[in-house]
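Peer 1: As given, the protein sequences belong to chains H and R, one line each in that order.
Using my numbering, the first residue of the first sequence is number 1, and each one after it goes up by one.
Using my numbering, the first residue of the second sequence is number 1, and each one after it goes up by one.
Hints may be right or wrong, so weigh each one.
Which copy is meant is left open, so a pair is good if it fits within one copy or across any two.
Restricting the straight-line Cα-Cα distance to at most 20 Å, the calculated cross-link-like pairs of lysine-lysine (PhoX-like) are [what the hints assert, rightly or not]:
(1) Lys197 / Lys401
(2) Lys3 / Lys17
(3) Lys409 / Lys283
No lab work stands behind these hints, which were simulated from the structure alone.
Number of protein chains: 2
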Amino acid sequence: MSKIPYRFYLSEDQMPKQWYNLRADMPEQPDPMLNPATLKPLSEEDLYPIFCKELAHQEMDSKTAYIDIPEEIQEMYRIYRPSPLIRAYNLEKELGTPAKIYYKFEGNNTSGSHKLNSAIAQAYYAKKQGLTSLTTETGAGQWGTALSEACAYFKIPLTVYMVKCSYNQKPYRKAVMQTFDADVIPSPSDTTEVGRKILADDPDTTGSLGCAISEAVEKATTTEGCRYVLGSVLNQVLLHQSIIGLEAKSAMEILGEYPDIVIGCAGGGSNLGGLIAPFMRDKLVDKKNIRFIAVEPASCPSLTRGKYAYDFCDTGRVTPMARMYTLGCGFIPSANHAGGLRYHGMSPILSKLYHDGYMEAVAYEQTKVFEAAKLFARVETILPAPESSHAIRAAVDEALKCKESGEEKTILFGLTGTGYFDMTAYSAYNEGKMTDYIPTDEDLRKAFDMLPKID
Amino acid sequence: MSKIPYRFYLSEDQMPKQWYNLRADMPEQPDPMLNPATLKPLSEEDLYPIFCKELAHQEMDSKTAYIDIPEEIQEMYRIYRPSPLIRAYNLEKELGTPAKIYYKFEGNNTSGSHKLNSAIAQAYYAKKQGLTSLTTETGAGQWGTALSEACAYFKIPLTVYMVKCSYNQKPYRKAVMQTFDADVIPSPSDTTEVGRKILADDPDTTGSLGCAISEAVEKATTTEGCRYVLGSVLNQVLLHQSIIGLEAKSAMEILGEYPDIVIGCAGGGSNLGGLIAPFMRDKLVDKKNIRFIAVEPASCPSLTRGKYAYDFCDTGRVTPMARMYTLGCGFIPSANHAGGLRYHGMSPILSKLYHDGYMEAVAYEQTKVFEAAKLFARVETILPAPESSHAIRAAVDEALKCKESGEEKTILFGLTGTGYFDMTAYSAYNEGKMTDYIPTDEDLRKAFDMLPKID
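Pulled out of the complex, with its shape left as it was, chain H reads as follows (with noise of 0.2 Å):
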């Protein structure tokens, strides 16, 4: 291609057939997910009461490379992918590096971020096994807005338990989600025994995602022919999410490029690993030399500053225990708007490949995210979600690194999302209130005080 583009979409036809699941090209595998009440491993038929079969089989399987792509999901995929591959020329002109700058964008749909490659997944599996109902939790709600989007598409009810602060505070959250005919229920509510347990005690709580997860999972244990469902984390959401790091790479193999640097935002590490999946297969069995950077809010540091160690990943603890970088189930993030990046944990496959050297990971305050997100929707046009733009903030920094050296390398990062729904953070910054939060180290001993103990 002579000149590239500023937007490169494949084809439909170009369009990946299967998933990757990385697992199987690990050098050593992640540890397994501990059963809490017997610490013994998990089997694939633990799992069948919480999730459907085919997603507990994909969670267990480590061995099968490439999974095909069933024909059903594939259709739903096409409404809205492939996603854009974006040079990001303005961003390398306004910062005046020799460094290439690509963005893979997944904001452009309507859950508006990512998470809908899983959500159409999850929905069609168990639409698929002859379930009649789901259920899940969402924070911030853009799990929860994808789920009901495909959930809406597969025809298959679904419940969501929505921290109460959020149902309160972002009632346009809401309304999206019931456009899409989702059941939105505040938690803690009366619909669960968990949840009128935690009103007796405290009637005015507002909530927080460890409630909503318990009483998700609950309704799903205890409702005929219901399932939970979950966003992040899990391997099986990695799975599916591969979808944007082999759309990635097709598209950058057509235009002749390859990435030095690939870099995404860490919350639960779903994004993340999707981005790098078949990168990381190339430097793992290829050899290749390449660099993956996990970026993380200072306020939630779970890679660069949390402990190795099995743990829930949950704040409830009834869920089963993984081992990852945690900052114990019972760590609080202090108040951080990119609330997609507050989870306590990182995603076991992602855990272990950091732990075993093959990813870096950093840290950044958030006024330092928001002045690099302004800056990119300025050139760009873009208005980043914020945890997106943590990913930009350490591109932008790679690419300054590049102005002093030289060096003409080829930066890709993920942009996860849009920031439609993150405007009282903006509003914040631009009016100059926002301030950092970093946890203390005596916060951070306290909060590991509560691991459980079993390494």
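Please build the complex by placing chain R on the supplied structure of chain H, with the hints as guidance.
Peer 2: Below, chain R alone, put in the same frame as chain H:
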């Protein structure tokens, strides 16, 4: 092409390099704008105090059919264009229609609508002329957002007069504009004479679009190096928006398709005028058999129930007069959630085409519109703006007619934007609280009585 893809994008090379000026091919021209003081036709020079020179020229030029898009504008277009032409396979299946439905989706940019196409052109020409600032007004905020993006990109300061009730009710919209460094002022304000006068009369007023226009125009004409820009109705705006139709036509040609019916929502007319331009040329010049349908809200039915008459373009009666379909510049539409379709008049170009029988018009009540919007969101996964949903409603009804008659017509409609900032409206619909308002004949008669006596 063997199978039409769900989404089709032109390549960067295939993007239009010229806008198309439909007036050059119209058998009869729209009547000239009049100076309200002298009632004489305006000259290009008369517009210089308000518009920058190139835009004043484009406003008056009815001869040049194709106008080169400056390279700098093409460059910004390339950041978010081409927009996709989408085959609504799922909507077709849901309706069980033999019709083929296509839509051109303009919502995939941060402004959330087609408005950016003209904002870029207007900001560029102002910068090129050496102007040092721009002003505009905004109601719902889409135009203000688009212009803020364009002005940030071309680095020209912008003041936006935002109707005070919107300023207070839509803090997120305001925050987006501020993120792009626009100075957003609630109108009426004490920054202009007209604003101070209105405030002195009624300190508690929540403002109106007419008042905001008056303030923006005063600011432009009393500030050195400042001009006023407008996002719809004007000939120049329809010219810039022709990029929509040109892209759509090229894409359909590549796919071996051509529309039998082209449908768009119509407020001031900029998106509809842009979408239909090259197809209307085919009808006017090549005598192609093609139908055009303008869709408006029943609450503000300028084409279907208005008069074809000279009227002011603003409620404040400070602008030139244009001959157009109008409900009278004193007409106050009752509450309607499609904020972009509440204009009392209609683009003079479209008015003339409708008057001469080249275009049809239809009006819908908003509950019927939201019914179609929800259906569309579920099967096509895009949450449409209420304005755009008027076009969806009409496209659905034409497709259902095809189902009855068995005709395999090809329908193309314009999906101008997303509904992220309109969730209050969706909530009202979801909760069954949305009602319909249709002006009575008596309401219209009163408004018509206020029309200037010219004809």
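Peer 1: Hint compliance check: list the failing hint numbers for this structure, sorted ascending.
Peer 2: 1
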